[in-house]
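Undergrad: Be aware that the sequence shown starts at 2, since it is given in my numbering, and climbs by one per residue.
I should point out that these hints are in silico values taken from the structure, not numbers from a laboratory.
Mixed in with the good hints there might be a few duds.
To be verified - Distance ranges between label pairs, derived from CB positions:
(1) D93 with R54: 49 to 57 Å
(2) S49 with F29: 22 to 30 Å
(3) L71 with F30: 52 to 60 Å
(4) A41 with V75: 56 to 64 Å
(5) L90 with E110: 36 to 44 Å
Keep in mind that this is a model prediction, so the values were computed, not measured.
Glycine is no exception: its CB is placed at the ideal position from the N, C-alpha and C atoms.
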Amino acid sequence: MARPTQNLTQSAARPAARAGLPVGSVVFFLLALLLGLYFAFAAVQGPSGILRRVQLEAETADLVAERDRLTAQVAEMRNLTRRLSDDYLDLDLLDERARDVLGLVRADELIVR
2 MARPTQNLTQ SAARPAARAG LPVGSVVFFL LALLLGLYFA FAAVQGPSGI LRRVQLEAET
62 ADLVAERDRL TAQVAEMRNL TRRLSDDYLD LDLLDERARD VLGLVRADEL IVR
């Protein structure tokens with residue numbers, strides 16, 4: 002009967018097994034989680050993030066539309082300039098511009114106000 006008593010003494014002297022993960026594993030997991038969250042936030046909100054990319058695409062679309070509008074306006078101005086030049090004179094355009102700018106009227110026309 003000495004044997005069971007000996008087992009009781011040995012088990013009482015032995016420390017109890019810890020439940021859960023070691024502290025190093027928990028710290029490593031939390032560090033990896035925080036680092037992942039930081040990079041995810043930077044990917045969305047950062048200077049090269051998704052939201053900035055969407056904003057730049059919208060600005061690009063606006064600028065392309067403005068460029069196209071200005072290109073059409075320049076083409077129209079070139080056409081009018083060419084039509085009023087010495088090489089090619091459009092008499093109808095000249096008559097229209099003289100009436101508009103100088104307020105000229107022919108003698109046989111009536112002015113209705």
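Undergrad: Mind checking the hinted window 49 to 57 Å against the Cβ distance between D93 and R54?
TA: Given range 49 to 57 Å: holds, Cβ gap about 51 Å.
Undergrad: Measuring from beta carbon to beta carbon, are A41 and V75 in 56 to 64 Å?
TA: Between A41 and V75, where Cβ atoms are some 46 Å apart, the hint is violated.
Undergrad: Starting from the hint 36 to 44 Å, judge whether the C-beta atoms of L90 and E110 obey it.
TA: 22 Å, violated
Undergrad: Are S49 and F29 spaced within 22 to 30 Å by their CB atoms?
TA: 28 Å, holds
Undergrad: Can you let me know if the beta-carbon spacing of L71 and F30 is within 52 to 60 Å?
TA: Holds, since L71 and F30 (Cβ atoms, about 57 Å apart) stay within the stated range.
Hints 4 and 5 from the list above are not met by this structure, while the remaining hints are.
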